[in-house]
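> Read off the chains here:
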Amino acid sequence: MQIERSDIISAIDEANVVANPEGLRDSIPLEDQGIDSLGLFNIILLLEERYELKVSDEDIEKLHSIEDIILYLKGRAG
Amino acid sequence: MIGISGIAAYLPEQRIDALDRALCVGSSHEQVEGRIGFRSLAQMRPDQQAKDLAVSALEMLSRRMDLDLSAIEVLAVVSQNPGRNIPHLSAVVHGVLGLSDECACFDIGLGCSGYVYALSIVSAFMSANQLRKGVIVTADPYSRIVDPQDKATSLIFGDGSTATLLTDEPIFDLGAFSFGTLGAEAEKLACNDGILYMNGRAVFNFTASRVPDHIRKTVEKNQTDLDAIDCFVLHQGSRFIVETIADRLGVERRKVPFLAAEYGNTVSSSIPMMLESIMRDKNNNSLVLSGFGVGLSWASTVIKRRS
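Chains G and H are the protein sequences, given in the same order.
Those letters in the first sequence? Residues 1 to 78, per this note's numbering, in order.
Those letters in the second sequence? Residues 1 to 307, per this note's numbering, in order.
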């Protein structure tokens, strides 16, 4: 499964939780860029639905940045 | 056919400033204003009980509708915090207000889906037994089970109560109902040893993934479509949940109002609390009602203004 930055940005855009998803920086925690825990829940739910997987509560604690999410999804894809 | 003739809503005067509380529990003003949505939370006085909330709402309904309380033939109270389990709260309210000896009384132990369930249960009960005047009271004071230090729950719930008059000459007719339960996730929103626990992510995921499709199917079941609905009256779980459901349904947010910013999520009272004002607007003729939460449980219907 190919996971690109654009896939994550697309989910953030659909979640409608920040004004300019394209402007987000990959290595900076999303929380520091205006996306709180509720916004992250929405983004992760959209990714769960798109990739037909479940992200546990323990795993979501480790997902802070776009980079974290890309690496996590690539790992889950094997 | 049995339907809704009128609603009265009661809110205690005391308010908790959720913006102040946010800073104490590790949240922020931005999260309260923009996401959770409740700037203040209604809270009943220490000397008040669920019974008092219920009685206040029913007395308001009586005054507003010029309703002779002795004419009520069935009273159902929706609550998960009735104060005591025995006797049932509806009987206590019956006694306080001196309702007729021939009035049927029962409680419905549901949370945020409770009002929609109650509309179906009580209207069916009335039809089956040829009753013409029934009342649904919602009174579920969560302030008694919320830990003020708990970030997940202390910025959400408010106390309030409502009373809805059902008659055979209604303003709004009730449509077909749909229901659902996800018992495997019941522990994600539960009261343990007197304290409310909520896994916010689980509850969000449940509502965002289940409720929009459920509403679509309910609208289809009522042989109408989303465009024909004037207003979606959703349980006010939080601003974020209401907006997420609107977005996932693909309907304009203005048709899915969030009106609970000044008093909080009043559980089973949240839908009738809004409906009281929404039904007065003559432009609102076709409404979706949808409740979801504890159980995890959900219920929806479409109601239509009688022409």
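In short, the hints are calculated from the structure, not lab data.
The beta-carbon is built from N, C-alpha and C at its ideal position, and this holds for glycine as well.
One or more hints might be untrue.
Said to hold, decoys possible - Interface residues of chain G toward chain H, partial, derived using beta-carbon atoms under 10 angstroms:
1) Pro21
2) Leu24
3) Ile28
4) Asp36
5) Ser37
6) Leu38
7) Phe41
8) Asn42
9) Ile44
10) Leu46
11) Glu48
12) Glu49
13) Leu53
14) Asp57
> Taking the numbered hints from earlier one at a time, note which ones the structure violates and give those numbers from smallest to largest.
1, 2, 3 and 13
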